[in-house]
Structures are given as C-alpha cells and as structure tokens.
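Position chain H against the provided structure of chain Z, taking the given hints into account.
Each chain, letter by letter, is given below.
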Amino acid sequence: GAVVSQHPSRVICKSGTSVKIECRSLDFQATTMFWYRQFPKQSLMLMATSNEGSKATYEQGVEKDKFLINHASLTLSTLTVTSAHPEDSSFYICSAPRDPSRDEQYFGPGTRLTVT
Amino acid sequence: GENVEQHPSTLSVQEGDSAVIKCTYSDSASNYFPWYKQELGKRPQLIIDIRSNVGEKKDQRIAVTLNKTAKHFSLHITETQPEDSAVYFCAASLSGGSYIPTFGRGTSLIVHP
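As you go down the protein sequences, you meet chains Z and H in turn.
According to my numbering, the first sequence is numbered sequentially starting from 36.
According to my numbering, the second sequence is numbered sequentially starting from 3.
So here's chain Z without its partners, still in its complex pose:
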C-alpha cells in the first residue's frame, strides 16, 4: 500500500519555541494532505487541509498564524507549531489520499509533540 512518513516521530521543545513536522508521501504524489491532532484517548480532530501550491484551509478554531502549513511540493507538507505552549502537546498525524478520485486515506505514523 501507499506509504506516508512523518518526521520527527517524537519531539520535545521548550515553551515559546517553534517546531516543524514533515509529512511525506513516499510512493505517490499528493496534491492534498490533511493534518490532524489527537489528544490522549480522543478522536482525530482535523486541523487543516494542505493544498499543494496554494494556501491551506484551516478548520474553525485552529489559528492559522500559530499552525503554519506549507505544501511546497507534491510529496511534502510541513506543519510548524509556532510559539509552542504546553497545551499544544499532542499527537499530530497527517494523511493523504493516494488518488483524489479514490476514497482511502493513508496516514502517517504520527509525531508526538511534548512542550515543556
């Protein structure tokens, strides 16, 4: 099946700093990628839709200036958490459809962010 990777898998940063998370589609091109946040024992909450070559679409309540998304190529989308705070600590997962005309989403392995 299609492979989506994320880097890093775990990151610890200090409050006030920024951290970048990468999401890559390894064997297919993704014009659209989705970024989710998952708190412990909770569901996947969509944060934003990353669109190659254009601005990301953010869900209501998600601060676009805090969660910067860049989809500069057909295989890479990045999520930068700026001025991180402890409440931003979460599991961040990206996903992408291998084929926009098909249904299945392929998820990355996730990034565990801890802000101290």
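I should point out that these hints are in silico values taken from the structure, not numbers from a laboratory.
All C-beta atoms in this analysis are idealised placements derived from N, C-alpha and C, irrespective of residue type, glycine included.
No false leads were mixed into what you were given.
Reference excerpt, derived from the structure (chain H facing chain Z, CB under 10 Å, subset only):
id : residue
1  : 34
2  : 38
3  : 43
4  : 44
5  : 97
6  : 98
7  : 106
8  : 108
Using the frame of chain Z, we list chain H on its own:
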C-alpha cells in the same frame, strides 16, 4: 456538516467472543464509511470500508453492515483475539479522496485472553 456518533466508548470481551461497534451519521449525502484500527501510539490503519451501494461487506473475521435508511453502520469482529485489542474509529465522508472524513470518537476494544 457531518456528525458521527460511535458507541460504545469501551468494549471488553473474552477471547473468542464477538465484538460489535456501532456508528450513526447525520448527513444522508455521505456514501463512504471506513473503519480504522489504531494501536497505541501508532497510525490508524484501514481495516475495512463500505460504500452506500452495498449493505454488507465481509473480510475474514471482520464484517461491516450499513443501513442507509437509518443512517447507521456497524463493525463486527468474530472470534476475537488479544491482538484485536486497539482503538477502532468509524468515519463517514463523501466518496473521493479530496473529501474529508468525519471520525467517530473511537472505541477502545480490550480482548482478554
């Protein structure tokens, strides 16, 4: 927008028993219903999906049923094994990868040996 309700939140069964997880959705336009299994700290993995033109689909010990009229769909796992222990999420969306799935809150399935 779409709203997906999932029950139960926790399900504990003995090895060999069957497990059933139920979901309801609100948007009658939704026509694609995947189920994901997520082990602790890992990515969600698609285990089975169903489209609205089908009422039931089976893959070995896993089956999914869909009732479009009632807008609910269910996951059935037979002969459960300890390795089935995980969190299971249902989702609903329009067909086509550009459409965003709405996820249920998840069911933590615990299979006791």
